[in-house]
Amino acid sequence: MGVRDRRRSYLILAWIFLSSGLILTPISYFLLRSTVFTALGSSLLILSAVLLALSSGLPRLPEEAGVLMMETSMRNISRLIEELGLRSKALYLPSRLSGNLPLALIPLRNNPEPPIIRRSLPNRLIVKYGDEAWEMGLLVETPGTMAFKLFEKPEEATASTLESSLSTLLVNLLGLVDGVRVSIEGDRSIVELLNPRIELGEELRVNLVLGSPLASTVAQLMAESLDKSIIIEEEEQREGKLLIKMRIIGE
Amino acid sequence: MEVVERLILLLSIFFTSTIVIFSSLGERRLDVYLSLFILEYFITLSLHSPLKRRVRLYFNIISIALFLIFSLIVAARVIEILYGVWIWRLIGF
Numbered sequence: 001m002g003v004r005d006r007r008r009s010y011l012i013l014a015w016i017f018l019s020s021g022l023i024l025t026p027i028s029y030f031l032l033r034s035t036v037f038t039a040l041g042s043s044l045l046i047l048s049a050v051l052l053a054l055s056s057g058l059p060r061l062p063e064e065a066g067v068l069m070m071e072t073s074m075r076n077i078s079r080l081i082e083e084l085g086l087r088s089k090a091l092y093l094p095s096r097l098s099g100n101l102p103l104a105l106i107p108l109r110n111n112p113e114p115p116i117i118r119r120s121l122p123n124r125l126i127v128k129y130g131d132e133a134w135e136m137g138l139l140v141e142t143p144g145t146m147a148f149k150l151f152e153k154p155e156e157a158t159a160s161t162l163e164s165s166l167s168t169l170l171v172n173l174l175g176l177v178d179g180v181r182v183s184i185e186g187d188r189s190i191v192e193l194l195n196p197r198i199e200l201g202e203e204l205r206v207n208l209v210l211g212s213p214l215a216s217t218v219a220q221l222m223a224e225s226l227d228k229s230i231i232i233e234e235e236e237q238r239e240g241k242l243l244i245k246m247r248i249i250g251e
Numbered sequence: 001m002e003v004v005e006r007l008i009l010l011l012s013i014f015f016t017s018t019i020v021i022f023s024s025l026g027e028r029r030l031d032v033y034l035s036l037f038i039l040e041y042f043i044t045l046s047l048h049s050p051l052k053r054r055v056r057l058y059f060n061i062i063s064i065a066l067f068l069i070f071s072l073i074v075a076a077r078v079i080e081i082l083y084g085v086w087i088w089r090l091i092g093f
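Here the protein sequences line up with chains A and B, keeping their order.
With the numbering used here, the residue at position 223 of the first sequence is 223, and numbering never jumps.
With the numbering used here, the residue at position 50 of the second sequence is 50, and numbering never jumps.
Chain B with its partners taken away, still in its complex shape:
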C-alpha cells in the first residue's frame, strides 16, 4: 500500500474509533473530540513524513489551522480552570 493511501486510511480509522469509543463512553464535550482528532492528525502526519514538497505546503496550512483550533480549546480550558468561565458560552456557543 502506498504512503498516501496508508495515511488517509489510518486517519479515517483513528477518527472513526475515537467517535465510536468516546460516544459509547458517553462523552459529550466537543472539544475533547476535536483535540483528539487534531492529536491523531499530527501523529499520523509525523509517522508518514516527509511527504512530497508540493503536498507539504498544503499540509502546513492545514496544520497551522488545526494548531490554532487546538490552542483556542486549550486557552478556553485554562480560562475555565482559572476563572470558572466557559468562554464559548459567553460568545453564544
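Same shape as in the complex, but just chain A:
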C-alpha cells in the first residue's frame, strides 16, 4: 500500500468511526437508554480521534524513496572509499572528538590497531589525527550522525539506559527494527536488533569500512552516549536478527 493510500485509509476509517460515534452515542443515551451502546459510541469517538492523530504522523515519503536516497549516498561514499583504496574499519567518534556532530573517522593507512583519538579533530573531510605524517583520515557523516538529532542521549550510559534510548529511536520514532538488546562487558559491546527492515541489495565497500547502515547508526549513537570511540568488529545476520559486535576504545 502506498503512503497516500495508507494515509487515506486511516482518514476514511477515522471519519467512519467519528460519524458512527456521533450518531450512536446520543441516540443510545437519550432514546434507547442503553449504557452499552453509549459506551460503544464513546469508544468509537476516542478511536476516531486517535486515528486522526496517528494519520498526521504517517511517513510522507515512500519507504522505497528513502531507501533509494540512502543507497545513493552510501554508493557515493563507497566510490570515494574505493578510489582511495581504504580498507581500515571506521572509528566512530563522539561529538567531543569530532566537532559539533558525532562523525566517523576512516584512517587512510591500514592499521591492525585502531587509533586512539585524544583531542578534538577539525570538522573537515581530510583530517590529521596524530603527530605522525601518515596519521591522516577521512571524517565522514554517517546515518547515525543524522539520527543523533532525534536521539535522546541517556544521562548515565549503561546497557539498560542505552537499550531504552536506542529502542525509542529505532523502534518508536524510525520504525527500523522491532526491538533492541544491548549488552556491555568491559570494552566489548553487543547490540542485537530484532527484525531489521533495512536491506541493501549489493555488498558495497562502504559496508566493510563503515558497517551496514543500521550497524553504523547504532555504533555512532553508542559512541556519543558512552563518550568514547567505537569500532564495529563484526556483524552477524541471523534469522530475524542483526548482531553487532563492537569494541569500545579509549580511556
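No lab work stands behind these hints: they were computed from the structure.
The structure presented is a predicted model; accordingly, all values stated were derived computationally and were not measured.
Glycine included, C-beta positions come from ideal geometry on N, C-alpha and C.
Please note that a few of the clues may not be correct.
As the list claims (entries may be wrong) - Where chain A lies over chain B, by a calculated footprint (3+ residues, C-beta under 8 Å): (1) 10-17; (2) 23-34; (3) 51-57.
To be verified - Listed next, the in silico PhoX-like pairs over lysine-lysine satisfying Cα-Cα at most 25 Å (straight line): (4) A:K241 / A:K128; (5) B:K52 / A:K149; (6) A:K89 / B:K52.
Since the structure of chain A is already known, use the hints to place chain B on it.
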C-alpha cells in the same frame, strides 16, 4: 507490525473487551466504561511512547480532553459519596 498499527489494534482490543466483559457482568454505569476507556488509552499510549513530534501534539490535545472527562467523573463520584447527590442527574443527565 509497526508501532502505529499496534497502538490502534491494542486500543480497539481493549475497548471491545471492556464492553463485552462489563456488559456481560451487567454493568450499567456509563462512567465506569468511560473511566476504563480513558485508563486504557493512557496505558496504551505510555506503552508506545514517545511518538513522533507531530503526532505528540495531537495526542496531547486528546489526552487533555480525556483527562478533563476523567476528572469530572471522579469529581461527580466524590460529590456523590460526600453529599449523596448524583450531580449529572441534577443537570438533566
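Verification of the hints:
no.: 1; hint: 10-17; in the structure: holds (count 4)
no.: 2; hint: 23-34; in the structure: holds (count 7)
no.: 3; hint: 51-57; in the structure: holds (count 4)
no.: 4; hint: A:K241 / A:K128; in the structure: 37 Å, violated
no.: 5; hint: B:K52 / A:K149; in the structure: 13 Å, holds
no.: 6; hint: A:K89 / B:K52; in the structure: 33 Å, violated
Consistency note: the structure conflicts with the earlier hints numbered 4, 6.
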